[in-house]
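Between the sequences and the hints, there should be enough to build the whole structure, so can you do that?
This is what each chain is made of:
There are 2 protein chains.
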Amino acid sequence: MTMTLYCFGESGHSYKAALALELAGLDWAPVKVDFFNGETRGEAYRTTVNEMGECPVLVDGEVKLTQSGVIQQYLSDTYGHFGGKTPEEAREVLRWVLWDNHKLSANAGIARFLMNFLPEDKRPAEVIGFLQARLKGAYALLDGHLKGRDWIVGDGPTNADLTCCGYLFYPEPFGFTRADWPEIDRWLSNIQALPGWKHPYDLMPGSPADRA
Amino acid sequence: MTMTLYCFGESGHSYKAALALELAGLDWAPVKVDFFNGETRGEAYRTTVNEMGECPVLVDGEVKLTQSGVIQQYLSDTYGHFGGKTPEEAREVLRWVLWDNHKLSANAGIARFLMNFLPEDKRPAEVIGFLQARLKGAYALLDGHLKGRDWIVGDGPTNADLTCCGYLFYPEPFGFTRADWPEIDRWLSNIQALPGWKHPYDLMPGSPADRA
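As you go down the protein sequences, you meet chains A and B in turn. Its first residue numbered 1, the first sequence is counted upward by one per residue in full-length UniProt numbering. Its first residue numbered 1, the second sequence is counted upward by one per residue in full-length UniProt numbering.
Treat the hints loosely; a few may be bogus.
A pair counts as met if it fits within one copy or between any two copies, since identical chains are not told apart.
Said to hold, decoys possible - Calculated cross-link-like contacts (lysine to aspartate or glutamate; reagent style EDC-like; alpha-carbon spacing at most 16 Å):
#1 LYS32 to ASP202
#2 LYS64 to GLU89
#3 LYS147 to GLU51
#4 LYS147 to GLU88
#5 LYS147 to ASP202
#6 LYS85 to ASP155
Since the hints were derived computationally from the structure, they do not count as laboratory data. The structure presented is a predicted model; accordingly, all values stated were derived computationally and were not measured.
This is the structure we're talking about:
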């Protein structure tokens, strides 16, 4: 049975789940969520899809899951792929999933939103600067970790990679310049070279071009 | 063998792990990390304790783990307690652990740091206001979820509760007023009534009083 992923192209958190589905070769279809017209903030979405008012949401038969890290974990547990080869690797994967959700994707997602999807006169400069400083620390940590490694955990791609790259392929500026971080750059190329890899705007419905 | 937790009293992220250890009745001892004099930012800590430069870190024999959510998961998997009773509950627990790390504790921890542990003339008002607005959304979501429930997941305490309460018992102001959120207030009282519960400054070494 085809799985359904509530998502939209601009959502890096959704991309983490969509990429896990796609690279694992699973049978899935996206349902576009109209984030920019307030769908996730509406009562209907919160009542029937996700009380947290967020994307992504995965529906697999009777199972409905939210939070990209939970969806990734469920896909690994249920269908194999990307969960790490040992319990130790699995814990290390979860460690990076949590770190990403706290320190990397959270700040990248907000910074990108504030810098690109708010009207120019509503962009809070001090907040953006603060987020970018926090992000710089996160990029430095990830770049350092990737020295001498092709993947964040173990010797192949895992959910650790699929979570941390969530916002790093997007073209909109948010303070990340790939060329500034050579190890991250190399690692992102490794991800792009995986069979079936797609850019977020090719993998999920919706992009800034649709709203231009 | 006694487990070791690198932690310090002011760290709500550490508190989540310390509380899981304590409420489970496990044999553990804290090692105080001198965060306020820069220990976690130093090369020695990053090289030998945690490359992420964070607390908490758990050492259990040969096992060394970082990220409070990983430590909680490991304790549940290894010693029982707080992991949820079914695979469905376990996924729901992880969902709230991720949500907390992204939307609640992350913002609460930073807001509290900026408002209390920076010199008054260095406190970024726009950032603090932004974080408090994000936090208000998180409190509202949690308060709504707790209507008619004693615990976040299932019918007893889990890591979902122990993660989300991480910063909510601290006395320093960061924009959380317990009385404003009756369901959260009731739920925090449930946690406080658990046998062995301790306030963060009683459970871990170090508090603002030590530095006064």
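Evaluated hints:
no. : hint             : verdict
1   : LYS32 to ASP202  : within (13 Å within a copy, 49 Å between copies)
2   : LYS64 to GLU89   : between (26 Å within a copy, 13 Å between copies)
3   : LYS147 to GLU51  : between (40 Å within a copy, 13 Å between copies)
4   : LYS147 to GLU88  : neither (21 Å within a copy, 37 Å between copies)
5   : LYS147 to ASP202 : neither (30 Å within a copy, 41 Å between copies)
6   : LYS85 to ASP155  : within (10 Å within a copy, 33 Å between copies)
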